[in-house]
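S.K.: Produce the entire structure from the sequences given, and follow the hints as far as they go.
Chain by chain, the residues:
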Amino acid sequence: MEMIRASELVYEYEQRDDEGNVVGMNRALDEIELDVRPGQFVVILGHNGSGKSTLAKHMNAILVPTGGTMWVNGRDTKDPRELMNVRQSAGMVFQNPDNQIIGTVVEEDVGFGPENLGVPTEEIWRRVEDGLRAVGMIEYRAHSPNKLSGGQKQRVAIAGVIAMEPECIVLDEPTAMLDPDGRKEVLRTVQELRKRKNVTVILITHYMEEAIDADAIYVMEGGRVVMQGTPREIFGRVDELKRYRLDVPQVTMLAEELRRRGLDIPRGILRREELVEAICRLS
Amino acid sequence: MSIKLEHVNYIYSAGTAYEKQALKDVSLEILPGQFVGVIGHTGSGKSTLIQHLNGLVKANSGVIYYNGENIYADGYDMKSLRGQVGLVFQYPEHQLFEEDVLSDVCFGPKNQGLSKEDCEKRAFEALELVGFPEKYYHQSPFELSGGQKRRAAIAGVLAMKPKVLVLDEPTAGLDPAGRDDILDQVKYLHDQTGITVVLVSHSMEDIARYVERIIVMNRGEKMFDGTPKEVFAHYEELEQVGLAAPQVTYVMHDLKARGIPVDTTATTVEEAAEEICRALKR
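Same order as they appear, the protein sequences are chains A and B.
The numbering of the first sequence is this note's numbering, which starts it at 8 and goes up by one.
The numbering of the second sequence is this note's numbering, which starts it at 9 and goes up by one.
In short, the hints are calculated from the structure, not lab data.
Using N, Cα and C, we set each Cβ at its ideal position, and we do this for glycine too.
Among these hints, one or two may not hold up.
Listing some non-contacts, in silico: residues in chain A with all C-beta distances to chain B over 12 angstroms [unchecked claim]:
| id | residue |
| --- | --- |
| 1 | VAL17 |
| 2 | LYS64 |
| 3 | ARG88 |
| 4 | LEU90 |
| 5 | THR111 |
| 6 | GLY125 |
| 7 | ILE131 |
| 8 | TRP132 |
| 9 | GLU136 |
| 10 | ALA149 |
| 11 | GLY157 |
| 12 | PRO187 |
| 13 | GLY236 |
| 14 | VAL283 |
Facing chain A, according to a computed beta carbon distance under 8 angstroms, are these residues of chain B, among others [said to hold, decoys possible]:
| id | residue |
| --- | --- |
| 15 | PRO40 |
| 16 | GLN42 |
| 17 | ASP183 |
| 18 | PRO184 |
| 19 | ALA185 |
| 20 | GLY234 |
| 21 | GLY250 |
| 22 | ALA252 |
| 23 | VAL259 |
| 24 | ASP262 |
| 25 | LEU263 |
| 26 | ILE268 |
| 27 | ALA280 |
M.R.: See below:
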């Protein structure tokens, strides 16, 4: 069974004028098909306003489809009786760490989720400890979140999600406000979780470099999925990506530039070592 | 329009448990018309540094000269300095507040005491300079896309006709094309008007592409100051302080290690491609 599955998913909302009269419908998501298997790492790319955050919000029922269906761990998100189960299956991490930390002490913040799920106190403490260990923040358990760096705050937010023991984590531009070090920190944490706990990861990002290890990439434009494939397939299509206001990793760009200058370099190069290897073969 | 810092020190929350020296003995000079990049790890002091440039934060010791005048001297016109050194904060769109874009951009010049006509003239110029589409001039700034909001916010600073434009991570949160658009526009502005630009960025690739000089901050101190080629040649030291060189610079070093006779100083895709083709004699 898929962890996340969307079939003919449509999300429309009413457009209203100043008096509140409905003047039309806006289609933010248009016939989305999506299949994510357990343990996969899936990246969603798309420019600002392409619909990727709206799609992410469907993955833990912050929004529900107005047409078609979204299943999370086999549960239809439209069914109100499944709401808690859906939210427990798919945890969300958002862009701004300051908007999602509520506790005055790190461990209190991490315990907030399981507490709301009605988890017994002892079990909460176990999960808090487990979550903080998983993100490497255990020594900060008694600290105030205010004094943490952006990357550390995001790791606390991720620990809070882990403490709810979801099968799937959806990260909506978790590194957008972080410096390169903070970005690395957060991504490493996510990858380790995937390995150790086999959590499914869905990452929405504007940084192409973060997508090169994905099992699959979906590219969105105008509320639709316009490209779908492995990183090698997707980043081999440089011109098409640029049309969708996206980019490729700088190494891929250099490979492309060398190809344009007539060098025999294969398409879809993603990593430094691959490019160096390809160039050395020519000399 | 040079800005000169001499032995500037700044300490946050002095005398409390949170006391932190944010700037340590920083001396540097930004020359008229330069396009300067500032890089550094979070907490390196780069934001504190740029807040000194228009007197927003006052150094505990040391002197700052704007055009040869000590800005800390008695009777120095701080208000005029703030008009001349325009600071665009991170996420400047959070500071938009007026009913429509045009009024928002007029706010700065209005406070400088200009007439309504002059304010609007300045606003039109500024909006045009940042490539803001005319059809949205009378729209609420809150209905714009992320990229357009940011343009409007930058225009609000440009409308005060600063001689120096300081941008703190102007591309954070934008998609790749949005990032290129904003930086291309800043570059265009720099080339057209000769304005001095100070750009703070986390993207080494962007910095390498646009600036002529890089100042690297680390733990409140100036660590390096030079051209992109000079600074990124220290890529190993940069990594130790949580920074890096652009990806292509690493490719060049790898190639050299594999015996390909390339010069390793390339910092942009074009330079790297050029150099690789030369080394392979293609």
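S.K.: Work down the list of hints and note, for each, if the structure agrees.
M.R.: Now the hints, each set against the structure:
1. VAL17: VAL17 (chain A) is indeed farther than 12 angstroms from all Cβ atoms of chain B, at 22 angstroms.
2. LYS64: LYS64 (chain A) is indeed farther than 12 angstroms from all Cβ atoms of chain B, at 17 angstroms.
3. ARG88: holds (37 angstroms)
4. LEU90: holds (30 angstroms)
5. THR111: Holds, because the least Cβ-Cβ distance between THR111 (chain A) and chain B comes to about 17 angstroms, which exceeds 12 angstroms.
6. GLY125: Label holds. Min Cβ-Cβ 36 angstroms, cutoff 12 angstroms.
7. ILE131: Nearest chain B Cβ is 31 angstroms from ILE131 (chain A), so the label holds.
8. TRP132: holds (29 angstroms)
9. GLU136: holds (27 angstroms)
10. ALA149: holds (16 angstroms)
11. GLY157: violated (6 angstroms)
12. PRO187: Violated, since 6 angstroms does not exceed 12 angstroms.
13. GLY236: holds (18 angstroms)
14. VAL283: violated (4 angstroms)
15. PRO40: violated (30 angstroms)
16. GLN42: violated (24 angstroms)
17. ASP183: Because about 4 angstroms separates ASP183 (chain B) from the closest Cβ in chain A, which is inside the 8 angstroms limit, the hint holds.
18. PRO184: Because about 4 angstroms separates PRO184 (chain B) from the closest Cβ in chain A, which is inside the 8 angstroms limit, the hint holds.
19. ALA185: Holds, because the Cβ-Cβ distance from ALA185 (chain B) to chain A comes to roughly 3 angstroms (cut-off 8 angstroms).
20. GLY234: violated (20 angstroms)
21. GLY250: Check passed: Cβ of GLY250 (chain B) comes within 4 angstroms of chain A, closer than 8 angstroms.
22. ALA252: holds (6 angstroms)
23. VAL259: Since the shortest Cβ distance to chain A is 6 angstroms, the answer is holds.
24. ASP262: Given a least distance of 4 angstroms, the restraint on ASP262 (chain B) holds.
25. LEU263: holds (6 angstroms)
26. ILE268: For ILE268 (chain B), the interface hint holds, since the closest Cβ of chain A sits about 6 angstroms away, which is under 8 angstroms.
27. ALA280: With a minimum Cβ separation of about 5 angstroms from chain A (threshold 8 angstroms), the hint on ALA280 (chain B) holds.
Consistency with the previously given hints fails for numbers 11, 12, 14, 15, 16 and 20, ordered from lowest to highest.
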